[in-house]
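Dock chain one against chain two, each of which comes alone in its own frame, and use the hints as you go.
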Amino acid sequence: MFEFSLHVATIAALYGLLALSLNLQTGFAGLVNFGQIALFGCGTYGAALAFNNQFGPVVGLLLGLVLVSLVALFFARLGRSLGSDYWGIATLAIGQILLTIATNETWLTGGAQGISGLPQLFTGSTRLQGHLILFSVTLALLAATWWLFHRLTQSKFGLSLRLMREEPQFAASLGYDLDGLRRSAMLVAAVPAALSGFLFAHYMTFVGPDQLFSTETFVVWTMVVIGGLGSHAGVVVGAILTQMLFAAVPFAKDFFALPSEYVAAMRLTLIGGGLLGFLLLRPQGLIPEKVGSIRG
Amino acid sequence: MVQFLVDLLLRAGDIALVAVALSAGYSLVKFPNIAIVQYATIGPFLAYLIARSGIPFALAVAAACLFVGVLAVALNLLVFERLLKSGSAIAMIGSLAVGMLFTATLLVTAGPDTRHFDFAITALFDVFGSNVTLTQMISLAMSLTAFILLALLLFCTDIGRCMRATAANPNLARATGIDARLVVRVIIFLSGMLAALGGTGIAIKSELNILLGPDLMLPVFAAAILGGLGNPIGAIFGALVISFAETLAAAINFGPLVGQSFLFIPVNYIAAASFLILVVALLFRPYGLFVNEVKRV
Chain A
178 MFEFSLHVAT IAALYGLLAL SLNLQTGFAG LVNFGQIALF GCGTYGAALA
228 FNNQFGPVVG LLLGLVLVSL VALFFARLGR SLGSDYWGIA TLAIGQILLT
278 IATNETWLTG GAQGISGLPQ LFTGSTRLQG HLILFSVTLA LLAATWWLFH
328 RLTQSKFGLS LRLMREEPQF AASLGYDLDG LRRSAMLVAA VPAALSGFLF
378 AHYMTFVGPD QLFSTETFVV WTMVVIGGLG SHAGVVVGAI LTQMLFAAVP
428 FAKDFFALPS EYVAAMRLTL IGGGLLGFLL LRPQGLIPEK VGSIRG
Chain B
19 MVQFLVDLLL RAGDIALVAV ALSAGYSLVK FPNIAIVQYA TIGPFLAYLI
69 ARSGIPFALA VAAACLFVGV LAVALNLLVF ERLLKSGSAI AMIGSLAVGM
119 LFTATLLVTA GPDTRHFDFA ITALFDVFGS NVTLTQMISL AMSLTAFILL
169 ALLLFCTDIG RCMRATAANP NLARATGIDA RLVVRVIIFL SGMLAALGGT
219 GIAIKSELNI LLGPDLMLPV FAAAILGGLG NPIGAIFGAL VISFAETLAA
269 AINFGPLVGQ SFLFIPVNYI AAASFLILVV ALLFRPYGLF VNEVKRV
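Listed in order, the protein sequences are those of chains A and B.
Heads up: the first sequence begins at 178 in the numbering used here, then just goes up one per residue.
Heads up: the second sequence begins at 19 in the numbering used here, then just goes up one per residue.
Okay, chain B solo, but in the shape it has when bound (with noise of 0.2 Å):
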């Protein structure tokens, strides 16, 4: 049962961050940004990349992480900004363009192969029974920190006020005075910096390879829709659906509902069962699981 609920947070925790940033992003910037999962991707390597030059892990994050989230604002203010006038689907087009652009960008520079970050292997932590590793610990805490900080800035400061605003109604907002333009820079670097540090939070646990932003794409896209798109804490309990689902399907034993000793699901599968959610979700609750249509400020 811990073992579960362990397996449960870990995959929420990997899903979580990435998806609060693309539905933090969707509140301003109205169409669902697919580079997002390939900001996920670059900032483990460039991370990695820091890290190797000696720099210590946690400074090498934050910079890899600061990187992404410049280059998130200018990639908005170049790109999308400009796509958005014809339509949040062409937007949408242009995003996957920008992420082939990177996935070709890193095929060059890095290349397909599989890296690992260097952490010194420690031994398992004992956590009521059930066994998790220092990475774990480590992509777990960052998560959190992430969650409680950007709470914070959401709910208790004067510029996440400005943020809650603009995302409720723009034109209200630039009424009484609120510079909406700032307020969308500062939401898109903040979403750029959560994806690359969601990205880091899984390479560190397994591998980095540039298949990462990619498999990412329909769990994440699944989180933020059933969250509510636009909504960042909605994501948040949209990744623990998701990793409940699928940490459920993967532990739950058939076996005797058909008369056998074992049938568990194939472990193909347990990545489709997200995008099943995702399409049943779409079907029933398209605009998410909590649809609040005055949002408060």
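This is chain A alone, in the form it adopts within the complex (with noise of 0.2 Å):
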């Protein structure tokens, strides 16, 4: 029971960091990310295609932080000219044939089967251990990069990124640089997301395209919008409560014997009824961002 609440814990934690880099885009700086899986992706790939040309895990996180970098550029590029609506669109359809090239560039990613065997990044004396320390470590890089987000949310780049989201006309009036401040919105987001994605290769052993389907960025959606776009504590909050529900749906099946096909509709229901129930009822989130809040 102790390693199974630790693995919820540990997955928690992962998403954590992957909501609050959503909340970066689309709280602060207003960018409809549904692509977001792709960056987590570029954090598993990296490690995996390391692994699998006998380099380090060093190696794999650099390789894993590049990729993410140009995707992330390559995200920011496109959301020049478009409204936001659009550019959700096209950042699904990117994370689509990048889901692609992995599924079936055989030689390189494994293809469907994908990559599996990386090494534990810690080892105790106990396989046990070596979790713990995954966890603390995990959980001590969420809690760097809220403070580091909370830290830059409140300065000027954070008022500015308010702006652009609220009133992106206005702010090009002004003479702020708005494909400047998509760009490196996008940057400081994607590397968190990309963090995230190099520890649960490592900490998963595998990594496979099934990973990356779009549901996933709908899963880190809906810890977003339950928790409150635009506030870094409510984000966290709303990974940890949906990872709970998650971790339940399966004793939930059990306690009424339902057949395994419940599993996944009922993950679905939970994700899409939590979304559309927060974005009706209480489209603030259950921590609301403060408004006003910074002095910078």
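Be careful, since some hints might not be right.
As the list claims (entries may be wrong) - Between beta-carbon pairs, the in silico distance windows are:
1. B:F282 with A:V236: 31 to 37 Å
2. B:S224 with A:L285: 29 to 35 Å
3. B:A269 with A:T303: 56 to 62 Å
4. B:F22 with A:L457: 43 to 49 Å
5. A:W284 with B:L190: 57 to 63 Å
6. A:L435 with B:A186: 47 to 53 Å
7. B:F280 with A:T300: 48 to 54 Å
8. A:A321 with B:F262: 48 to 54 Å
Treat the hints as calculated values from the structure; they're not laboratory data.
C-beta: ideal position from N, C-alpha, C; glycine also.
Below, the structure is given as structure tokens:
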């Protein structure tokens, strides 16, 4: 039971990183990213490709960061001429293209089978100890990202991001460089997403295309909307809540003796229902964004 | 060559109805409704269910389309119009959530199995030397009839004129006494029906399962955006462009270019062709191939 709780907590912390990343893009900069999972995938495939070519995890980490910077810059470039809804569709399409490449370039990525056998990053005296260290590292990374993003969004940079979100034309008329803002926001937000993917790959010891389905993006979206767009604390709470509910789904299935396709249906209902319910009834989320809280 | 044209038309017919539905809906309710591809999944499932109870196929399809049309209007009133007040991106996320709830419902009620409509297997038709099945003919005829009826409605009737007026300038239309709410309901009802019909056309040709909608999403968005979102007739051209690219990518032998006898693009990448067109279109022509700022009524 302890191991199971630790697993849920680790996954929740990894998703917390993804949620903080999406929140910086959508909640602050107003960039509706439907390809968030592609940023995560850069991290996982960076780790997997390095492992497959007999390089160590450090190379994997660097490769992941390089890949994610390229994808983030491309996303930002696309955002130049598009409204937020069009941009959402474009990011979704890019996510699908990258997924198609990962599934079909078998010589590079192992195809649908993926790449397995990645080593655990931390080996304590027991497997459990290794997992405990990994959890602590993830938690520390989550706290550091939270603190950094908090400082960043309290600064002048955060203010200009919010201005770009609310009144892009006004921001441009004041001389803000919207392209530059978009680029830096995407780059800064992409790093924790790739780190989350890197840690996830080594924790699960397996990387495959089925981890990158667009449904996973919408899981992160649900976390952010439930927690509250534009609130760092909120999206972390959203990530923890959603993961706890997901962890309860198999137990509920056993308790009510339901067939196994109900697990997928229940997950979808949780994400879809959670998203829709919060959008309709409490669009500000559990912990609303504090407006006017910046003194920077 | 004829086979190429037939393939192209069949593929375009698949995408075009749902793309037209998306575009027509967008013309009055300004957000890209992702749930539309789920309307295209529910339609054939309902038609299948109704046809199973012994009702003739045509009646079953009509009933299913009517039901999905009503469902689309209800969802628009209860969910999307409220979400749209917070912006089009929020409404789009809401439509995604609605789509996930539909998939969950279908998983529980119909299950993940693949189904086939029962059509008697007939000899292939010979159309200028290429083979066409009966279901392909029916599906193409359904699409064509729907397009002609839609064009007649939009350009030859009073309600069609009201729709185009409201799409071009909602405030002016309201000022001239057009009941904008009624017009919105009619067009949303139509878009639900068209999507359901489009999904049915795909399902009778091949197979019916819950992935029909999700697989359709990016080609449909690509077609609708190429035609200019909000321009239903443009969406038909968008669908032709997309299916032209897909059919061409599948049919060209690149072998001679690299000195081999055969080299075809792997079939898995052909689906990605439409995603790529979508990204390129968004990079260079985000408002479609035919942008006309001034729409005439």
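With respect to the beta-carbon atoms only, verify the hint that A:W284 and B:L190 lie 57 to 63 Å apart. holds (59 Å)
Range first: 29 to 35 Å. Now tell me if the beta carbons of B:S224 and A:L285 are that far apart. holds (31 Å)
Confirm or reject the claim that B:F22 and A:L457 have a C-beta distance inside 43 to 49 Å. holds (48 Å)
Cβ distance range 56 to 62 Å for B:A269 and A:T303, holds or violated: holds (59 Å)
Status of the given 47 to 53 Å range, CB of B:A186 versus CB of A:L435: Distance hint for A:L435, B:A186 holds at roughly 51 Å.
Range hint 48 to 54 Å (beta carbons of B:F280 and A:T300) holds or violated: holds (50 Å)
Measuring from beta carbon to beta carbon, are A:A321 and B:F262 in 48 to 54 Å? Since the Cβ atoms of A:A321 and B:F262 sit about 51 Å apart, the hinted range of 48 to 54 Å holds.
Whether the CB-CB distance between B:F282 and A:V236 falls inside 31 to 37 Å: holds (36 Å)
Comparing the model with each numbered hint stated earlier shows that all of them hold.
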